[in-house]
Amino acid sequence: MNRAFSKTSLKHLSGLLQRFQSTLVVAEHNNDKLTPITLNAITAASKLGGEVSCLVAGTNCAKVVEQISKVQGVKKVLVAQHDSYKGALPEELTPLILATQNQFNFTHICAGASAFGKNLLPRVAAKLDVAPISDIIEIKSPDTFVRTIYAGNALSTVKCNESVKVFTVRGTSFEAASTEGGSATSEDVASSSPTGISEWLEQSLTKSDRPDLTSAKVVVSGGRGLKSGENFKLLYDLADKLNAAVGASRAAVDAGFVPNDMQVGQTGKIVAPELYIAVGISGAIQHLAGMKDSKTIVAINKDPEAPIFQVADYGLVADLFKAVPEMTEALSK
Amino acid sequence: MSGRVLVGVKRVIDYAVKIRVKPDNSGVVTDGVKHSMNPFCEIAVEEAVKLKEKKLIKEVVAVSCGPQQSQETIRTALAMGADRGIHVEVSGKDYEALGPLQVSKILAALAKKEEAQLVILGKQAIDDDCNQTGQMTAALLDWPQGTFASEVSLEGDKVKVVREIDGGLETIKINTPAVLTADLRLNTPRYATLPNIMKAKKKKVVNMKPADLGVDVATRLEVLRVDEPPQRQAGVKVETVEDLVGKLKETGRI
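Just so you know, the sequences run in chain order A and B.
When we follow the working numbering, the leftmost residue of the first sequence carries the number 243, and every step to the right adds one.
When we follow the working numbering, the leftmost residue of the second sequence carries the number 36, and every step to the right adds one.
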């Protein structure tokens, strides 16, 4: 009898708790600036209807905490500053997130579906013994999400019955939250003791003055048709005229024309700019997965049968070595 | 190091197949469709076999979780140079619901049972596109993880891993035992030659069930429906660069 009673009251209690959503967004940053995809994740978190907190962990958090405190929709910023968070290693961040979760009992934990989020969140989920949901493109309700499968060729609507919903957010599917108008409070959380099983050594980042690929309004991408790394200069010149980021197909990366962080596709970056110009790219399924949500797609290819023309709003069957310089020229006028 | 590597391999619809959504929206048509080893798993197998060829490890064990046909995928790994296979049989409804959480529990249990020093997986399967299993396996084992690896070097009891990250590359050094997940550029997988395919038939594949490893495959994720993505409107062909720029200006894109 007693047991039956406590079971019902537990059920009642958890029902009550479920009505109060609270979401933790794990902020991605480089100790100086918040990574833009975190703003998209905050928008997704706000759609859940509950209170949104952000966790900023790093070796030097002050600047990022200041930025994130002003972001619209953020109620609370949790700060964990410690030398062991150098390089944002998941072995060190996971115990911190678990401790934070123990303290605050969030119903949702999320991050942007970037290399950082993809690396970290499944580790957190496994520790919580829940199945995470990757790269969501829509929130139907606090427990129902839409994501793509098979390289974007099918949409899967998933209901998550886990006690804590852990998910990553496709940045291009949610607007960025405004970086002004918010007034979050910040509070320090206890850092976890270092596990020391991994060590960050170095980073080599591709330097570029062009806008970031995943958030650029215009993207110019090249494929195998460019024939060499030097020829990519044609695309850089065009991109400069359009203030565009430059992307690439897997073929161009594998052939060594450009570094792999420029790859657009199922296994590279997912972009959805206002204008995507595909140059010398045939349009394999894996490439389309990364760009077919672009508002306007332009294809320049000399093969009229190339699959890219099936998704292009404007197609030009022409030799790119002639057409691209012409286009750069036309835009200079 | 003279340890053992566990390699996870998944049987998926071949990457070149244009998939079809079932009319009842319950999933994707898989019957009668060409399947093969997930491309990222091939890269994981290749890396494990390379480590063995360099005599840095002594044994490569290929594992696959799924129905009867998963054995073919294990045979492919054996033909590429894995020493033996473990087939964790999951079929019917359980297989439809099998996700990264369940697979990582199976892999973690096997890694302990086999006293593996490395678990190498692909970074993602091209069907569910989850990119979770490696990270979750590492978590369950409390091992460090080297995900999206494009370069792996064993240095004593540590592994140096170059990882593909958003802005470029990063290098980490992690303790072993560890879990690694392979990115596309880690290596180029070899083709299995006919003699090796024949030899692979003689290699041992052990069959077991998740329950033998104490793993419960129940899931708390429910796929409500699977839909076709919205189709794009057919576009137009333009004749000249001038036309193209004109059209883009008209629509306000430039």
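These aren't lab readings, by the way, just hints derived from the structure by calculation.
There could be a bad hint or two in this list.
To be verified - From the structure, some residues in chain B lie toward chain A, with a derived Cβ separation under 10 Å:
#, residue
1, Leu91
2, Ala143
3, Tyr226
What the hints assert, rightly or not - Partial selection, computed: residues in chain B whose CB lies under 10 Å from chain A:
#, residue
4, Lys90
5, Gln103
6, Thr168
7, Ala174
8, Lys208
9, Val240
10, Asn242
11, Lys244
12, Leu248
13, Val271
14, Thr275
As the list claims (entries may be wrong) - Derived coverage of chain A by chain B (criterion: at least 3 residues anywhere in the stretch with Cβ under 8 Å from a Cβ of chain B; other residues may be distant):
#, segment
15, 321-334
16, 398-404
Idealized CB from N, CA, C, for every residue including glycine.
Hint by hint, here is what the structure shows:
1. A hinted interface residue such as Leu91/B counts as satisfied when its beta carbon comes closer than 10 Å to some beta carbon of chain A; here the least separation is about 20 Å, so the hint is violated.
2. Taking 10 Å as the C-beta cut-off, the interface hint given for Ala143/B holds, the closest approach to chain A being about 9 Å.
3. For the restraint placing Tyr226/B at the interface with chain A, the shortest Cβ-Cβ distance is roughly 17 Å, beyond the 10 Å limit, so the hint is violated.
4. Proximity of Lys90/B to chain A is violated relative to the hint, the smallest CB-CB distance being about 26 Å (cut-off 10 Å).
5. Hint on Gln103/B is violated. Least Cβ distance to chain A is approximately 23 Å, over the 10 Å limit.
6. About 8 Å separates the beta-carbon of Thr168/B from the nearest beta-carbon of chain A, less than 10 Å, and the hint is met.
7. Here the hint on Ala174/B is kept, as its CB sits about 4 Å from the closest CB of chain A, short of 10 Å.
8. Among the interface hints, the one on Lys208/B holds; its C-beta lies about 5 Å from the nearest C-beta in chain A, closer than the 10 Å criterion.
9. Interface hint status for Val240/B: violated, as the beta-carbon distance to the closest one in chain A is roughly 27 Å, over 10 Å.
10. Of the supplied interface hints, the one on Asn242/B is violated, with its beta-carbon coming no nearer than about 26 Å to a beta-carbon of chain A, more than 10 Å.
11. Using the Cβ-Cβ criterion of 10 Å, the hint placing Lys244/B at the interface with chain A is not satisfied: the shortest such distance is roughly 20 Å.
12. For the restraint placing Leu248/B at the interface with chain A, the shortest Cβ-Cβ distance is roughly 16 Å, beyond the 10 Å limit, so the hint is violated.
13. At its closest, the beta carbon of Val271/B sits 6 Å from a beta carbon of chain A; the interface hint therefore holds under the 10 Å criterion.
14. The restraint placing Thr275/B at the interface with chain A holds, with a minimum CB-CB distance near 8 Å, inside the 10 Å limit.
15. Closer than 8 Å: that is the beta-carbon criterion, and the segment 321-334 of chain A has 4 residues meeting it against chain B, so the requirement of 3 holds.
16. Against chain B, the segment 398-404 of chain A contributes 7 residues with a C-beta closer than 8 Å to a partner C-beta. That satisfies the three-residue criterion, and the hint holds.
Of the hints listed earlier, those the structure fails to meet are numbers 1, 3, 4, 5, 9, 10, 11, 12, in rising order.
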